[in-house]
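Final position of the sequence shown in my numbering is 930; the numbers increase by one with none missing.
The reader is advised that the hints may include incorrect statements.
Calculated pairs, DSS-like style, for lysine-lysine (alpha carbon to alpha carbon, straight line, at most 27 Å) [said to hold, decoys possible]:
no., residue 1, residue 2
1, Lys691, Lys702
2, Lys718, Lys880
3, Lys734, Lys702
4, Lys835, Lys756
5, Lys835, Lys759
6, Lys703, Lys734
7, Lys718, Lys759
8, Lys781, Lys835
9, Lys734, Lys781
10, Lys702, Lys880
Treat the hints as calculated values from the structure; they're not laboratory data.
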Amino acid sequence: MSTNMTGATYSIVPLYYGRFPSYEKSVLQMMTDYGKKVDSPAMGYLIQGNGKNILVDTGPGEQEALAKLHPGLEIDFPIEANVINALAEKGVKPEDIDAVIWTHLHWDHCYNGEKFPATTPFYVQEAELNYAINPLDMHINVYESPKGGMMPGWMPVIKQLRLVKGDMKLADGIDLLFTPGHTPGGQSVLVNTVDGPYLVAGDTVMQYENWEGKGALRHLYSTAHVNLLDFEASLKRLDELNAFILPGHDYKVFEHKTYPACAE
């Protein structure tokens with residue numbers, strides 16, 4: 667797929683869904699700062715333009731239920747940060763959303779689908795869905811997989827899923843790019859803007875620190891991964907895009923209300 671973007675342009679609005687107040691930093695950046703705890707946000711993005719509202723990731727579910735499913739993990743997901751309220755702050759209602767893109771199916775990215783109309787399409791990589799249903803045992807909890815007797819956040823809208831195989835043009839100026847590594851079916855969203863291409867990277871790039879690299883490492887992987895060779899290939903691919911990167915879990919994104927920043 668060519669990544670020379672032309673045509674319709676969009677703005678991208680970051681959405682705050684709550685936080686992990688004491689998250690192990692070495693999970694975010696592999697082999698760095700062992701034992702250090704950091705505050706890490708759960709996030710999504712709203713892409714607006716060309717008469718469309720497209721949502722990337724719908725965030726986690728309700729605090730009480732998640733605390734039971736993930737004991738020992740510190741979480742802070744207040745109801746006011748739920749995706750519906752986050753959208754309302756931007757003047758957007760569930761019925762205004764034309765499509766939802768899930769970058770992957772870890773539980774902090776794919777709840778709340780049932781709060782959107784039954785006609786809303788949810789785009790996810792087929793490889794991701796297949797793995798979410800039958801993951802390695804060590805990944806059962808992060809997917810809240812049926813393999814472990816759980817009901818994952820995406821399950822209520824299973825009939826609304828639109829399965830993607832590799833790259834796909836979603837709309838004029840919006841491309842889905844297959845970027846495995848963090849998960850088997852990770853995808854990123856390439857968006858044309860007035861300032862050139864922007865990439866909503868999902869957890870392929872956890873934070874700007876991952877993208878900036880360290881020492882001889884051009885980029886830093888996340889410890890949370892399934893395949894480092896795929897991860898490396900995906901990061902090299904992102905390099906070639908020459909796009910502005912929007913990561914999956916970084917407060918720095920909220921330094922601007924919208925991207926490109928010149929659109930504020």
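Each hint tested on the structure:
Using a Cα cut-off of 27 Å, the hinted pair Lys691 and Lys702 holds, with the two alpha carbons roughly 6 Å apart. In summary, the hint linking Lys718 to Lys880 is not supported, as the alpha carbons are separated by about 38 Å, beyond the 27 Å threshold. Taken as a hint, the Lys734 and Lys702 pair is honoured in the structure, with Cα atoms around 25 Å apart against an allowance of 27 Å. Straight-line distance between C-alpha atoms of Lys835 and Lys756 comes to about 26 Å, which keeps the hinted pair within the 27 Å bound.
Distance hint between Lys835 and Lys759 is fulfilled; the C-alpha atoms sit about 25 Å from each other, no more than 27 Å. For the suggested pair Lys703 and Lys734, the alpha carbons sit about 22 Å apart, so the restraint of at most 27 Å is met. In summary, the hint linking Lys718 to Lys759 is supported, as the alpha carbons are separated by about 13 Å, within the 27 Å threshold. With a C-alpha separation of about 26 Å, the suggested pairing of Lys781 with Lys835 holds against the 27 Å cut-off.
Only pairs whose Cα atoms come within 27 Å are accepted, and Lys734 paired with Lys781 is accepted, the gap being roughly 22 Å. In summary, the hint linking Lys702 to Lys880 is supported, as the alpha carbons are separated by about 17 Å, within the 27 Å threshold.
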